[in-house]
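All chains should be built: construct the whole structure from the sequences, respecting the hints.
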Amino acid sequence: MNSEKENKVESALNEYFSDKLEKNMKFIGEEMGKALLQGFEGGIKNLKEKEDKNTKENKG
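Under this note's numbering, the first residue of the sequence shown carries the number 55, and numbering increases by one thereafter.
Hints in this document: simulated from the structure, not taken from any laboratory.
Among the clues, some could well be false.
Label-pair restraints from in silico Cβ distances [stated by the list, open to error]:
1) S72 x D106: 48 to 56 Å
2) N112 x L75: 52 to 60 Å
3) E84 x K104: 26 to 34 Å
4) Y70 x N108: 56 to 64 Å
5) E60 x K80: 29 to 37 Å
6) E76 x I98: 28 to 36 Å
By construction, the Cβ of each residue, glycine as well, lies at the ideal position given by its N, Cα and C atoms.
Take a look at the structure:
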């Protein structure tokens with residue numbers, strides 16, 4: 055059976071690592087969101103460039 059001191063240490067460690075995990079997951083989520091947004095922006099830019107090129111070719 056764990057002593058009271060061991061229980062306190064275990065509880066403190068669980069709290070510490072739980073907080074670290076939460077912060078890391080939040081950071082990862084934010085970075086993934088940024089990457090997705092950049093991908094969408096890049097894709098939209100490419101589509102607009104292709105559309106502009108096609109428009110110019112059709113007029114010329």
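Against the structure, the hints:
1. S72 x D106: 48 to 56 Å: Taking Cβ atoms as reference, S72 and D106 lie about 51 Å apart, which means the hint holds.
2. N112 x L75: 52 to 60 Å: Holds, at about 55 Å.
3. E84 x K104: 26 to 34 Å: Holds: the Cβ-Cβ distance is about 31 Å, inside 26 to 34 Å.
4. Y70 x N108: 56 to 64 Å: 57 Å, holds
5. E60 x K80: 29 to 37 Å: Check passed, 30 Å falls within 29 to 37 Å.
6. E76 x I98: 28 to 36 Å: Holds: the Cβ-Cβ distance is about 33 Å, inside 28 to 36 Å.
The structure is consistent with each of the numbered hints, conforming to all of them.
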